[in-house]
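K.L.:
Sequence:
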Amino acid sequence: MKRRPAVCRGRPSASKGSSPKADRDEASIRRLAATVAHEINNPLTSLLLAAEKLAGDPSLEQEVLHEVQSIREAAFRIRNIVEKLQKVRADRAKEYLPGIQMLDVNGES
Numbered sequence: 023m024k025r026r027p028a029v030c031r032g033r034p035s036a037s038k039g040s041s042p043k044a045d046r047d048e049a050s051i052r053r054l055a056a057t058v059a060h061e062i063n064n065p066l067t068s069l070l071l072a073a074e075k076l077a078g079d080p081s082l083e084q085e086v087l088h089e090v091q092s093i094r095e096a097a098f099r100i101r102n103i104v105e106k107l108q109k110v111r112a113d114r115a116k117e118y119l120p121g122i123q124m125l126d127v128n129g130e131s
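Going by our numbering, the first residue of the sequence shown is number 23, and it counts up by one from there.
Misleading hints may appear alongside valid ones.
As the list claims (entries may be wrong) - In silico SDA-like cross-links for lysine to any residue, where the CA-CA straight-line distance does not exceed 25 Å:
1) K75 with V104
2) K106 with E117
3) K109 with E85
4) K75 with K116
5) K106 with Y118
6) K116 with A56
7) K109 with R46
8) K75 with S50
9) K43 with K116
10) K109 with D126
11) K109 with H60
12) K116 with A44
13) K116 with V127
14) K43 with S92
15) K43 with I122
16) K106 with G121
17) K43 with P65
18) K116 with E105
19) K75 with A56
To be verified - Pair by pair, the computed Cβ-Cβ distance ranges are:
20) N63 with K116: 23 to 33 Å
21) P42 with A72: 44 to 54 Å
22) Q91 with V58: 23 to 33 Å
23) D45 with E105: 46 to 56 Å
24) L87 with T67: 33 to 43 Å
25) D47 with D79: 24 to 34 Å
26) V58 with K116: 16 to 26 Å
27) Q108 with L87: 28 to 38 Å
28) R99 with L54: 13 to 23 Å
29) P42 with V86: 52 to 62 Å
30) I122 with A77: 31 to 41 Å
31) S50 with F98: 22 to 32 Å
32) E105 with A72: 18 to 28 Å
These are calculated hints, taken from the structure and not from any lab test. Yeah, the Cβ is synthetic: ideal placement off N, Cα and C, and Gly gets one too.
Could you put together the complete structure from these sequences and hints?
P.N.:
This is how it looks when you write it as structure tokens:
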């Protein structure tokens, strides 16, 4: 039985006239992004819920509340990066270090 390529809802496939390799690369990136989103968002939600609960505890000292706020900010940053990752295209890359490319999750390239 022939395998069908993965489909990512809401995203067009690679541009018309693109090579089969480019289409495969983009499909692979979409599958990876979906996997990362699922695997990270589940524990991240637990972290955020726990941090929200702690933030509402009036018995905690200010220093602890400050640390809880830092945890919340970092968790929201991770969530934002995961959302951006789901929008990345295979042809958007930027130089990370000399000779090393990385996907441009901010769309700056």
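K.L.:
Each of the hints needs a verdict: does it hold here or not?
P.N.:
Quick rundown of the hints versus the structure:
A hinted pair counts as satisfied when its Cα atoms are at most 25 Å apart, and K75 with V104 qualifies at roughly 23 Å. For the hint pairing K106 with E117, the CA-to-CA distance comes to about 18 Å; that is within 25 Å, so the pair holds. Proposed proximity of K109 and E85 is contradicted: the alpha carbons are some 37 Å apart, above 25 Å. With a CA separation close to 39 Å, the supplied pair K75 and K116 exceeds the 25 Å bound.
Restraint check: the Cα-Cα separation between K106 and Y118 comes to about 17 Å, which is no more than 25 Å; the hinted pair holds. Using a Cα cut-off of 25 Å, the hinted pair K116 and A56 holds, with the two alpha carbons roughly 21 Å apart. Distance check on the hinted pair: K109 and R46 sit about 16 Å apart at the alpha-carbon level, within 25 Å; holds. Between K75 and S50, the direct Cα distance comes to roughly 38 Å. Violation of the 25 Å bound is thereby established for this hinted pair.
As the CA atoms of K43 and K116 are separated by approximately 20 Å, the hinted pair is consistent with the 25 Å bound. Note on K109 and D126: the hinted pairing holds, with a Cα-Cα distance of about 10 Å set against a maximum of 25 Å. With a C-alpha separation of about 15 Å, the suggested pairing of K109 with H60 holds against the 25 Å cut-off. Of the supplied pair hints, the one linking K116 and A44 holds, its CA atoms being roughly 17 Å apart against a limit of 25 Å.
With a C-alpha separation of about 10 Å, the suggested pairing of K116 with V127 holds against the 25 Å cut-off. Of the pairs offered as hints, the one joining K43 and S92 is violated, with about 42 Å between alpha carbons and a cut-off of 25 Å exceeded. For a cut-off of 25 Å, the pair hint linking K43 to I122 stands: about 20 Å separates their Cα positions. Taking the CA atoms of K106 and G121, the gap is about 24 Å. The hint holds against a cut of 25 Å.
A distance of roughly 34 Å separates the Cα atoms of K43 and P65; the hinted pair therefore is violated under the 25 Å criterion. Under the criterion of a C-alpha separation no larger than 25 Å, the hint pairing K116 with E105 is consistent with the structure, at around 19 Å. Between the alpha carbons of K75 and A56 the distance comes to roughly 28 Å, so the proposed pair goes past 25 Å and is violated. For N63 and K116, the Cβ-Cβ distance of about 25 Å falls inside the hinted range of 23 to 33 Å, so the restraint holds.
Separated by about 46 Å at the C-beta atoms, P42 and A72 satisfy the suggested range of 44 to 54 Å. The hint said 23 to 33 Å for the Cβ distance between Q91 and V58, and at roughly 26 Å that hint holds. For the pair D45 and E105, the beta carbons lie near 24 Å from each other, so the given range of 46 to 56 Å is not met. L87 and T67 have their C-beta atoms about 21 Å apart, which leaves the hinted 33 to 43 Å range violated.
For the pair D47 and D79, the beta carbons lie near 47 Å from each other, so the given range of 24 to 34 Å is not met. Take V58 and K116: their Cβ atoms lie about 19 Å apart, and the range 16 to 26 Å holds. Taken as a hint, the range 28 to 38 Å holds for the pair Q108 and L87, whose Cβ atoms sit roughly 32 Å apart. Between R99 and L54 the beta carbon distance is about 20 Å. The supplied range of 13 to 23 Å therefore holds.
For the pair P42 and V86, the beta carbons lie near 55 Å from each other, so the given range of 52 to 62 Å is met. Range check, I122 to A77: about 39 Å between beta-carbon atoms, so the 31 to 41 Å window is met. Between S50 and F98 the CB atoms are about 28 Å apart, so this pair conforms to the stated range of 22 to 32 Å. Separation of E105 from A72 is about 21 Å and conforms to the stated range, judged on CB atoms against 18 to 28 Å.
Violation of the numbered hints given earlier is confined to hints 3, 4, 8, 14, 17, 19, 23, 24, 25; the remaining hints are satisfied by the structure.
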